Amino acid sequence: GAVVSQHPSRVICKSGTSVKIECRSLDFQATTMFWYRQFPKQSLMLMATSNEGSKATYEQGVEKDKFLINHASLTLSTLTVTSAHPEDSSFYICSASLVGSFGYTFGSGTRLTVV
Amino acid sequence: QQPVQSPQAVILREGEDAVINCSSSKALYSVHWYRQKHGEAPVFLMILLKGGEQKGHEKISASFNEKKQQSSLYLTASQLSYSGTYFCGTEYRESNTGKLIFGQGTTLQVKP
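Going line by line, the protein sequences match chains U and X. Last residue of the first sequence: number 126 in my numbering, and the count goes up by one each step with no gaps. Last residue of the second sequence: number 140 in my numbering, and the count goes up by one each step with no gaps.
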């Protein structure tokens, strides 16, 4: 089955620094990946659609200069949280779908804490 | 628009049944169901694509009423392992992007 690997699983950073989160499709190619953010006891909120070889599409209200997405290959998408602040602390999850199949596989998520 | 799930929370005894609903005000292309355990990523349960279709495996099944733009998840003879938060993810017809919009979630707690 489709496996999506996400790293790191947990990260603590200081306010003002940047953090990069990686999302890899291990056994399939993913032209499209999705990035979500989830605050405690809340739903998954779609942040952006990551497209291989082109610019990401951001949802309304998501700052594209703050959340940089790069999808340089068919198996890797990265999300960089720039100049992180405590309010950026959240659970970030990526997902991807195997072409020809249904349903999306989620990465294991990254718990970001900004202190 | 975010789909609306009901109920918000359910508490069951082992062996009891539950139904979780997901309603949309917009025309749906597909409905996906996921279960999430605390601190973990969501796990895919099933997807429904056509109106009136019902899918399932073992004791978890779902239906999709295209006319009502509503999907229901059925959990029968619940087990302790069913505990978690259930999310429906909806894909809208005009979207054609594959992106999912998730409902607010339904917390299910199964007690011995």
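These are computed hints drawn from the structure, not numbers from a lab. Fair warning: there could be bad hints in the mix.
[Claimed, not checked] With a straight-line cut-off of 16 Å between C-alpha atoms, the simulated EDC-like cross-links for lysine to aspartate or glutamate are:
#	chain 1	residue 1	chain 2	residue 2
1	X	K87	X	E44
2	U	K77	U	D99
3	X	K65	X	E119
4	X	K127	U	D99
5	U	K52	X	E42
6	U	K31	U	D76
[To be verified] A few chain U positions that, by computed beta-carbon distances, are all more than 12 Å from chain X:
#	residue
7	Q49
8	E70
9	D76
[Claimed, not checked] Just some of the chain X residues that point at chain U, by a computed CB distance under 8 Å:
#	residue
10	A69
11	P70
12	Q97
13	L108
Remember, predicted model here, so these are calculated numbers, not experimental data. C-beta atoms are modelled at their ideal positions from N, C-alpha and C, and glycine is treated no differently.
These are the hints, each one checked on the structure:
1. X:K87 with X:E44: The given pair, whose Cα atoms are some 11 Å apart, holds under the 16 Å limit.
2. U:K77 with U:D99: holds (10 Å)
3. X:K65 with X:E119: violated (23 Å)
4. X:K127 with U:D99: Judged against 16 Å, a Cα distance of about 22 Å means the pair is violated.
5. U:K52 with X:E42: Violated: K52 of chain U and E42 of chain X sit about 24 Å apart, past 16 Å.
6. U:K31 with U:D76: holds (14 Å)
7. Q49: Incorrect as stated: the minimum Cβ-Cβ distance to chain X is 9 Å, not above 12 Å.
8. E70: violated (8 Å)
9. D76: holds (21 Å)
10. A69: Check passed: Cβ of A69 of chain X comes within 4 Å of chain U, closer than 8 Å.
11. P70: For P70 of chain X, the interface hint holds, since the closest Cβ of chain U sits about 5 Å away, which is under 8 Å.
12. Q97: violated (18 Å)
13. L108: violated (21 Å)
Of the numbered hints given earlier, the model fails hints 3, 4, 5, 7, 8, 12, 13; all others are met.
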